[in-house]
Amino acid sequence: GQQLNQSPQSMFIQEGEDVSMNCTSSSIFNTWLWYKQDPGEGPVLLIALYKAGELTSNGRLTAQFGITRKDSFLNISASIPSDVGIYFCAGRYTGTASKLTFGTGTRLQVTL
Amino acid sequence: NAGVTQTPKFQVLKTGQSMTLQCAQDMNHEYMSWYRQDPGMGLRLIHYSVGAGITDQGEVPNGYNVSRSTTEDFPLRLLSAAPSQTSVYFCASRTRGGPDTQYFGPGTRLTVL
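Protein sequences, first through last, are from chains A and B. Per the numbering used here, residue 1 is the first one in the first sequence, and the count goes up by one each step. Per the numbering used here, residue 1 is the first one in the second sequence, and the count goes up by one each step.
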């Protein structure tokens with residue numbers, strides 16, 4: 001089955017720095033989602049994108065639906081320690097309302 | 001309102017044993033799904049259901065069975081556990097036609113020896 005390629009796999013940053021990560025697919029999606037997973041818990045939805053070129057923010061988080069519909073980007077501004085976790089992208093195809101394909105995850109660690 | 005609940009939280013099985021992972025949601029969501037999460041692999045869809053009495057296979061269905069007799073419950077059955085099924089299992093639910101907010105349970109960590 002298809003998996004989305006997410007990069008970077010992991011990153012260490014200092015508190016206050018901005019963070020960028022991206023997700024690419026060999027196929028077109030009509031919905032892109034970004035999740036965060038804390039240790040020992042299930043993923044929690046951060047941002048949902050429904051239209052090519054769409055740029056959506058949620059507090060310090062901003063995500064974009066790539067123009068080609070084969071990629072998406074997540075930016076975190078002014079990182080804080082509670083941003084630590086694993087960030088997953090997920091895509092959905094047209095007509096598959098309940099089937100998400102997840103990326104491999106980006107592990108973020110923030111140092112003081 | 002408990003959201004999505006999963007039991008057990010941890011389980012150790014021997015190869016060949018069977019067991020059922022339980023999942024329940026109290027939000028009256030039509031859609032429910034089972035994922036497994038392995039290191040470096042993200043989450044992969046095992047089975048999903050769009051309503052009571054309706055189930056379908058996801059990306060990695062082999063070795064797992066599901067049923068959906070009620071809207072609330074979506075159990076995942078391992079008929080003959082194998083070491084390759086060692087993983088963390090997440091159940092998720094969302095409402096049909098609504099926002100894309102898919103609620104995940106806390107997960108079941110399964111080890112097959």
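For the record, the hints were derived by calculation from the structure and aren't laboratory data. Where is the CB? At the ideal position from N, CA and C, for every residue including glycine. A hint or two may mislead.
Quick list of the computed label-pair ranges, beta carbon to beta carbon [to be verified]:
| hint | chain 1 | residue 1 | chain 2 | residue 2 | range |
| --- | --- | --- | --- | --- | --- |
| 1 | A | Ser-82 | B | Gly-53 | 40 to 50 Å |
| 2 | A | Asp-38 | B | Gly-97 | 25 to 35 Å |
| 3 | B | Gly-40 | A | Asn-30 | 22 to 32 Å |
| 4 | B | Gly-53 | A | Ala-78 | 44 to 54 Å |
| 5 | A | Asn-30 | B | Gly-16 | 16 to 26 Å |
| 6 | A | Val-44 | B | Gln-22 | 28 to 38 Å |
| 7 | A | Thr-62 | B | Gln-17 | 21 to 31 Å |
| 8 | A | Glu-54 | B | Gly-16 | 47 to 57 Å |
| 9 | A | Ser-57 | B | Gly-97 | 20 to 30 Å |
| 10 | B | Thr-7 | A | Asp-38 | 18 to 28 Å |
| 11 | B | Arg-96 | A | Ala-52 | 23 to 33 Å |
| 12 | A | Glu-54 | B | Gln-17 | 46 to 56 Å |
Taking lysine-lysine pairs in the DSS-like style, the calculated list, with each CA pair at most 27 Å apart, reads [what the hints assert, rightly or not]:
| hint | chain 1 | residue 1 | chain 2 | residue 2 |
| --- | --- | --- | --- | --- |
| 13 | B | Lys-9 | A | Lys-36 |
| 14 | A | Lys-51 | A | Lys-36 |
| 15 | A | Lys-70 | A | Lys-99 |
| 16 | A | Lys-70 | A | Lys-51 |
| 17 | A | Lys-36 | A | Lys-70 |
| 18 | B | Lys-9 | A | Lys-99 |
Each hint, compared with the structure:
no.: 1; hint: Ser-82/A / Gly-53/B: 40 to 50 Å; verdict: holds (42 Å)
no.: 2; hint: Asp-38/A / Gly-97/B: 25 to 35 Å; verdict: holds (29 Å)
no.: 3; hint: Gly-40/B / Asn-30/A: 22 to 32 Å; verdict: holds (27 Å)
no.: 4; hint: Gly-53/B / Ala-78/A: 44 to 54 Å; verdict: holds (49 Å)
no.: 5; hint: Asn-30/A / Gly-16/B: 16 to 26 Å; verdict: violated (42 Å)
no.: 6; hint: Val-44/A / Gln-22/B: 28 to 38 Å; verdict: violated (21 Å)
no.: 7; hint: Thr-62/A / Gln-17/B: 21 to 31 Å; verdict: violated (47 Å)
no.: 8; hint: Glu-54/A / Gly-16/B: 47 to 57 Å; verdict: holds (49 Å)
no.: 9; hint: Ser-57/A / Gly-97/B: 20 to 30 Å; verdict: holds (25 Å)
no.: 10; hint: Thr-7/B / Asp-38/A: 18 to 28 Å; verdict: holds (20 Å)
no.: 11; hint: Arg-96/B / Ala-52/A: 23 to 33 Å; verdict: holds (24 Å)
no.: 12; hint: Glu-54/A / Gln-17/B: 46 to 56 Å; verdict: holds (47 Å)
no.: 13; hint: Lys-9/B / Lys-36/A; verdict: holds (20 Å)
no.: 14; hint: Lys-51/A / Lys-36/A; verdict: holds (21 Å)
no.: 15; hint: Lys-70/A / Lys-99/A; verdict: holds (17 Å)
no.: 16; hint: Lys-70/A / Lys-51/A; verdict: holds (12 Å)
no.: 17; hint: Lys-36/A / Lys-70/A; verdict: holds (21 Å)
no.: 18; hint: Lys-9/B / Lys-99/A; verdict: holds (24 Å)
The structure shown violates the earlier hints numbered 5, 6, 7.
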